[in-house]
Amino acid sequence: MPEIRVTPLGAAEAGSTSHPPSCSGAGQDVGRSCILVSIGGKNVMLDCGMHMGFSDDRRFPDFSYITRNGRLTDFLDCVIISHFHLDHCGALPYFSEMVGYDGPIYMTQPTQAICPILLEDYRKIAVDKKGEANFFTSQMIKDCMKKVVAVHLHQTVQVDDELEIKAYYAGHVLGAAMFQIKVGSESVVYTGDYNMTPDRHLGAAWIDKCRPNLLITESTYATTIRDSKRCRERDFLKKVHETVERGGKVLIPVFALGRAQELCILLETFWERMDLKAPIYFSTGLTEKANHYYKLFIPWTNQKIRKTFVQRNMFEFKHIKAFDRAFADSPGPMVVFATPGMLHAGQSLQIFRKWAGSERNMVIMPGYCVQGTVGHKILSGQRKLEMEGRQVLEVKMQVEYMSFSAHADAKGIMQLVGQAEPENVLLVHGEAKKMEFLKQKIEQEFRVSCYMPANGETVTLSTSPSIPVGISLGLLKREMAQGLLPDAKKPRLLHGTLIMKDSNFRLVSSEQALKELGLSEHQLRFTCRVHLHDTRKEQETALRVYSHLKSVLKDHCVQHLPDGSVTVESILIQAAAHSEDPSTKVLLVSWTYQDEELGSYLTSLLKKGLPQAS
Amino acid sequence: MDPECSRLLPALCAVLVDPRQPVADDTCLEKLLDWFKTVTEAGPSLLLLQENPCLVELLFRVLKAHDPHPRVLSFSLRLAGLFAAQEDCFQYLQQGELLPMLFGEAGPLGGAAWTAPTVRSGWLQGLRSLAQHPSALLFLADCGAVDTIFSLQGDSSLFVASAAGQLLVHILALAMQSPAEGHPSPQGCDWPACAQKIVCHVEDSLHSTATPQVTQALNVLTTTFGHCHGPWTQGLWVRLSPLVACLLEKDPIPASHSLMDLLLSVARSPVGSSDCGLWETLAQTLSHLSPIQAGPLALGILKLQDCPQALKTQAFGVLLQPLACVLKAAAQSPGPPGFPEGATGDSMTVDTFLSSKSACVGLLCQALAHLELLQLLPQRPSPWPQAPLLRAAVAILRFCNGSAAPTSDVGGHLCAVLAGCVRVQRAALDFLGTLSQGTGPQELVTQVFAVLLEYLTSPDSSPTVQVLKKAFQATLRWLLGSPKAPSCCDLDPHTQLFLRELLPVLRKRLCSPCWEARDSGLEFLTQVTRHWGGQAAFRHALLASEVPELTRQLLRDPESYVRASAVTATGQLSSWGLYTTPTSPEHPEVQQESLFTELLHILSTDSEGFPRRAVMQVFTQWLKDGHADVAEDLEQFVARVLQVASRDLDWEVRAQGLELALVFLEQLLGHPGSRCPYAVALPEAAAPATLAQVLQALCRVQLFEFALRALFDCDRPVAQKSCDLLLFLRAKATPCGGPQEAGASPDVVSVEAALQRWQAGEQGQPLGELEPEAVMAVLRSMDLEGLRGTLAKSSDHIEKSPQSLLQDLLASVGVLGENEADCY
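Each protein sequence line maps, in turn, to chains A and B.
For the first sequence, the residue numbers in my numbering are 1 to 614.
For the second sequence, the residue numbers in my numbering are 1001 to 1824.
Worth flagging that the hints you see were computed from the coordinates, not collected in a lab.
Wrong hints could be hidden among the right ones.
As the list claims (entries may be wrong) - For lysine-lysine, the following DSS-like pairs were computed, each having C-alpha atoms within a straight-line distance of at most 27 Å:
(1) 433(A) <-> 1064(B)
(2) 1357(B) <-> 501(A)
(3) 396(A) <-> 1800(B)
(4) 396(A) <-> 239(A)
(5) 1250(B) <-> 1312(B)
(6) 441(A) <-> 209(A)
(7) 1064(B) <-> 434(A)
(8) 1357(B) <-> 42(A)
(9) 1800(B) <-> 384(A)
(10) 384(A) <-> 1793(B)
(11) 238(A) <-> 396(A)
(12) 1800(B) <-> 354(A)
(13) 554(A) <-> 608(A)
(14) 1793(B) <-> 354(A)
These figures come from a predicted structure and were not determined experimentally.
Given only the sequences and the hints, what does the whole structure look like? Please build it.
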């Protein structure tokens, strides 16, 4: 039976061969995405993410589990990256340049353009913080990106003769895509991260009614119905405005790309509307490139941005300027976007240290911070931070947390399941308990099976692939000739010969099949012996059989042939003397495969004996 | 344990067992275990438990909890295992019957929590840590753990199943090493009960008709022979090899991959060298398996240090079969001698080729990859059939690009299957590149270059840039490996001819709309120039082409990766005098700006880091090589570069600025030798008079201001480099006394004030003109060694400390859980 197998490989777990195991949420976690799918004999890896919470090898999935046998490049047919976030692509250069995968990698064009920026950003932090030597280099990032094949939305890409993939718009971040993976009639859809409601710069995810065998969906907000993003945006603007009005400085630690651009649009529009004069800076030196990509990939943004693009590009910021390190000491209010986003090194941390002492200032964390970062400390309410040389930094500035992540909530996930109409659903990238709730809801509402494997657990689905078979016109006509017009509501049995030629199946009449295949017909006959107690001669016994059958089988053509044998349709009955017992006659009943039913019936009839002659 | 950590522990333990306060960050418990592992490895665990009774209490309370969180339960199991690794601590925990409650049937094993893979995983890992001493073995036997481990071998989680297998091997090894058992006989009749049990289980599994069970047993044995080398392994193999041999008789062979792994693992172990039957088994296996299955085994055999020649020949034959088939299929007429006997393109390989496209592609790719690996090994077969391999690689590439004209049926089939197949093209180009290490008859080498040129030229190579990139790489390897002309000072005529054909192709690729193609072209140019920049024929051909001019134009490419590669390439061309400054066509008398100015412009204005970093690398190389543009006015060169680099937002550019400054210093003061300024005496220190001049020069190029500012850079590597540089300078200057002490001159005061401002994170005004004396005085007064020590630590070492971890765990209870998803 053909099957589809799915194994989330996210977190490193027990038994890991290359590094100490982890006890993290076993598959149902939001750490990193990496899923292996086997479909129709093809092996595909979906995403290749890293975990920001670890700074050793545990940050990467343990690729030794992909296959014990042979090279990765031979085993995997392709790798697909859904979007540029590091928990989906962060391990890619490691996988392709250090582990040694040398096959094709697919992603959308914006993802291909933006991925290296984030990877570079993270590489620099890793090297900056710890001087990590065993980390991928810039050259490796470039070499990895050169292996990427960019795909367009809704374009069917043929990976090889059998495997094809197709990307659908996923919202979430610029360039994010859902992917349909198809081999023959079997298909899987992988959503990556997606958002079913449009936001300030991106549209909502959409997929057609592709009815895949399996839909693998993220379930980050499996139980949440999120409030309107507008409220959060209002709140954010209010806080920034209040701080700037009272002469304070606002620090917003961000990663180079993604949320930063969304917040930039938000502030830019607000500054314009309110005619504010306080400067806004972006500290990384990457703004230009980031904004360049947002401009370049305008078709990937939402309708509003696309519409207004002609008059004004939303990513041409008037109020947002490049930051110089000297500006941090300037008096007066200002807003600064600085990297990295978790206050764990570099410029954002330096500015934070400068500004933390004043209660007039504010730091807004627009995303979660992993443990082991200053961001994590202040978000958990710690206000006295130990610094270098036993110094203590007292955090007097206001600390705010505002979530701007763009994942589908429970409603959105249900909506997508409804759109795609899958046969099965598999939940990943969420927390076990919440996923359990959503699983039940999906099973109830859509009457489909829903799975939520832990990392390292394999879900196997049996599929019944539909194989198209063509029917020859001759066969259909013959069937029609027997009366009865075809009726969609009444299925009918049709006999024919199935032939496979040039990878196509066709049902034809047996004569046509023989002709096409150049074969001659052989007849297979079944013969059964029936013993009758009859002292008369063989010819008389045969005649008695004839008379008996003639009287019983009124609808059949029963004949007595000159050679003494009796036929009923294709069935032949001959009487012979018993070699040892002259009072017994042996009836040889033989029939073809087509008349199997009648042959069996006659045999049983004759076994009961002949009626006594009157 | 740190007293502060000890103080925080009770509160943390209380939090961990409190179901109302879920631990937010899933990495925290993992880090906590890392820390406990360090602590238990550093000292007696018993003392740790006695001083921190909350830890044992935590374990008890987790056990008693109604519905403990799987993560916490798993954590507790692993923690208990860490403690019980030391025998006295194990006894201590046993007194309280804690271990049976955790690991025995009464524990999580029978509960609902067992359904969570993380708990099963924790249970296995706990036992793995615990199983370190004879008492542990008894405990495992008493609590029936081994049976549970057997069943976990077939767990639904790959991670759990794999851990179970590894734990069995660990227990087996522990049982066999146990001093209480003396030296067990190889026959196994007096083996410890625990070991007997495991071996019997393996035997049963090998008898099984279910392939997963056979696989599990084979994997356990593979790990055993891979990791354990005691004399008992010999006995184990004697006992089990007949069962393994039985598997080979089945059709199809069950778990063939695992079986191969086992045989190779045994062959690599001491057991292998003493068992002649093993070679026979390997030979038998090789002939039983299908071509695609046999490939990895053949490679494994060829990698073995000592194995019979006949087996090696057989294995090599297996690897060569697919290529032999290709050669046969491509042959127009009976050609030159092919592969060694035994590799003639057997019918099984031909059948695989014909069976399906994926089988054909898979087999070819595998064979090419294996032969590529083999070629690089010292123990590769000798004689190495270089010529037929070259012919085969060329034939495959020709099948792929449709330029082959096959006459046989198999050839026609290969043509159809391989046409445009990127996977095979990549593998064949890699292989062809590796073959450049050997030589071949000229006629063949000409064919190699011809096919490479076809690939470099073909428009089909563009959409699949990987093919083009690999074609460039293979070409480079062949070019650099090609022989010199007899006069030995120039390229041989064939290479010269090839170059003339290649450069127009390169030119075309540099104009490709695809950035990956332009980049690969530039990388190729850089490499060739690096090696052949001095070869007259190359110089002549290159200068006659438009390639240098195009490279210059690519300095303004829209793609930053390409700009960076163009910078490196022009830098390299310029180093060899191959980069002539063009004159303006309208005004030939007006020279356009020099390359130095142009690169400096890129360094000042390029919006992205890659090109700027590439410029810094070129400048540093120029300085090392004494490039003409640099030598013209060395000080001005350094001053201008440092001025721009110091303002750069990219810390890697600033760090490279310091690298350049160090090269400059070395040239002025002599090489730092070990780079450790205070490692040895410094007899070569410059004489005072010279030193004063050097310091003056350093002041003039404003190297001091650059380095001192960098000392307090927010990016640690920059500060670290600066610290090293200043230490080097101070060490060089100090032994000879250097310039007179400047005391607390106004200059010194102003430098120190500036340093304080910079340290506080303020940028402030530039220092302006500096007196060397003042700088040296400041340097002497600074605790550079202390700073170096601080910088050697990770910038987040405080946040990563155990104390910080405990504080974070306590502080984040109930605060962060909901936000975790917003990480990205």
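Quick rundown of the hints versus the structure:
1. Between residue 433(A) and residue 1064(B) the alpha-carbon distance is near 22 Å, which keeps this suggested pair within the 27 Å criterion.
2. A distance of roughly 17 Å separates the Cα atoms of residue 1357(B) and residue 501(A); the hinted pair therefore holds under the 27 Å criterion.
3. For a cut-off of 27 Å, the pair hint linking residue 396(A) to residue 1800(B) stands: about 23 Å separates their Cα positions.
4. Distance hint between residue 396(A) and residue 239(A) is fulfilled; the C-alpha atoms sit about 16 Å from each other, no more than 27 Å.
5. About 25 Å separates the Cα atoms of residue 1250(B) and residue 1312(B), which keeps this hinted pair within 27 Å; it holds.
6. Straight-line distance between C-alpha atoms of residue 441(A) and residue 209(A) comes to about 20 Å, which keeps the hinted pair within the 27 Å bound.
7. As the CA atoms of residue 1064(B) and residue 434(A) are separated by approximately 25 Å, the hinted pair is consistent with the 27 Å bound.
8. Restraint check: the Cα-Cα separation between residue 1357(B) and residue 42(A) comes to about 13 Å, which is no more than 27 Å; the hinted pair holds.
9. Pair hint residue 1800(B) plus residue 384(A) holds up; C-alpha atoms about 16 Å apart against a cutoff of 27 Å.
10. Distance restraint check for residue 384(A) and residue 1793(B): the Cα-Cα separation of roughly 22 Å lies within the 27 Å cut-off, and the hinted pair is therefore satisfied.
11. Between residue 238(A) and residue 396(A) the alpha-carbon distance is near 20 Å, which keeps this suggested pair within the 27 Å criterion.
12. The hinted pair formed by residue 1800(B) and residue 354(A) meets the criterion: a straight-line CA distance of about 22 Å does not exceed 27 Å.
13. Distance restraint check for residue 554(A) and residue 608(A): the Cα-Cα separation of roughly 19 Å lies within the 27 Å cut-off, and the hinted pair is therefore satisfied.
14. Note on residue 1793(B) and residue 354(A): the hinted pairing holds, with a Cα-Cα distance of about 22 Å set against a maximum of 27 Å.
In summary, this structure violates none of the numbered hints.
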